[in-house]
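Engineer: Single-letter residue listing:
There are 2 protein chains.
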Amino acid sequence: MGQTKINLADKFSLFNEHWTPKIIGEMNGQYVKVGKGQGELIWHTHEDEDEFFLVLHGTLSIHIGDDIIHLSPGECFIVPRGVPHKTSAQSETHFLLVEPKATQHTGQIQSDQTVDVEDQVWI
Amino acid sequence: MGQTKINLADKFSLFNEHWTPKIIGEMNGQYVKVGKGQGELIWHTHEDEDEFFLVLHGTLSIHIGDDIIHLSPGECFIVPRGVPHKTSAQSETHFLLVEPKATQHTGQIQSDQTVDVEDQVWI
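Chain order of the listed sequences is A and B.
Count the first sequence with my numbering and you get residues -17 to 105, in order.
Count the second sequence with my numbering and you get residues -17 to 105, in order.
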């Protein structure tokens, strides 16, 4: 059948980079990714893509305008398309991310942190 | 900004029915749902939709042909479109589900367990 189960702890053990999510699955034109973060990612906007976050470890902060949403393990947030945002974390956080395959890492912004769509890695 | 965080434990506290997932979010034409299950759901197929499962509590078994994939908390599985499957659980399991908004609960099969697309509930 070609499908195997995906163990999130196993996937998180395979990388250490921050703010460079890795692809673990694909469904309905979306990628399922796992990410680690500490410090912060730059402000950016995805014009045509909503992003779903579920935190699994630590606290992930999502900044939207003057609001900061702090997500603990078991908490989710959907960043709607077109909304400028950045993510930050005071200590290491692990999260699950679901977004369209075409989503650009930092929207139209290119920075040292940016991973181009074609350079994303499956683990 | 209209978006608030979603606490999965809070959502699971709001219902007890088995095999009737509730909608907790929407993104990119997909619904994010939470479900509880014990016993089993009937065999069915989604012809055009992949289904992503992440188990949060207990053990969820996904039957595909003669294979049974047992998922513990922190384990995921994507049931590809067109593949007949059923889900079962010996004791209560809680899971997160992501699938297209148009996904019919039990595919083309109508049973006592079926919840029609238009009767699905947001919590």
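These are calculated hints, taken from the structure and not from any lab test.
Keep in mind that the hints are not guaranteed to be accurate.
No copy labels: a pair is met if it fits in one copy or bridges any two.
Said to hold, decoys possible - Simulated crosslink set (EDC-like; lysine to aspartate or glutamate; CA at most 16 Å straight-line): (1) LYS(-13) <-> ASP98; (2) LYS(-7) <-> ASP94; (3) LYS83 <-> ASP98; (4) LYS(-13) <-> ASP49; (5) LYS18 <-> ASP49; (6) LYS18 <-> ASP48; (7) LYS(-13) <-> GLU31; (8) LYS(-7) <-> ASP98.
Engineer: Are the CA atoms of LYS(-7) and ASP98 at most 16 Å apart within a copy, between copies, both, or neither?
Structural biologist: For LYS(-7) and ASP98, the Cα distance exceeds 16 Å both inside one copy (21 Å) and across copies (35 Å).
Engineer: Please work out whether the CA atoms of LYS(-13) and GLU31 approach to 16 Å or closer within one copy, between two copies, in both situations, or in neither?
Structural biologist: neither (27 Å within a copy, 18 Å between copies)
Engineer: With identical chains treated as interchangeable, where does the CA-CA distance between LYS(-13) and ASP49 reach 16 Å or less: within a copy, between copies, both, or neither?
Structural biologist: between (37 Å within a copy, 12 Å between copies)
Engineer: If the cutoff is 16 Å on CA atoms, where do LYS(-13) and ASP98 land: within, between, both or neither? Let me know, please.
Structural biologist: neither (27 Å within a copy, 28 Å between copies)
Engineer: Is the C-alpha distance from LYS(-7) to ASP94 at most 16 Å within one copy, between copies, in both cases, or in neither?
Structural biologist: neither (24 Å within a copy, 38 Å between copies)
Engineer: Treating 16 Å as the Cα threshold, decide for LYS18 and ASP49: within, between, both or neither.
Structural biologist: neither (22 Å within a copy, 33 Å between copies)
Engineer: Is the C-alpha distance from LYS83 to ASP98 at most 16 Å within one copy, between copies, in both cases, or in neither?
Structural biologist: within (12 Å within a copy, 29 Å between copies)
Engineer: Please work out whether the CA atoms of LYS18 and ASP48 approach to 16 Å or closer within one copy, between two copies, in both situations, or in neither?
Structural biologist: Neither: 24 Å inside a copy, 36 Å across copies.
Checked against the numbered hints above, the structure breaks hints 1, 2, 5, 6, 7, 8 and satisfies the rest.
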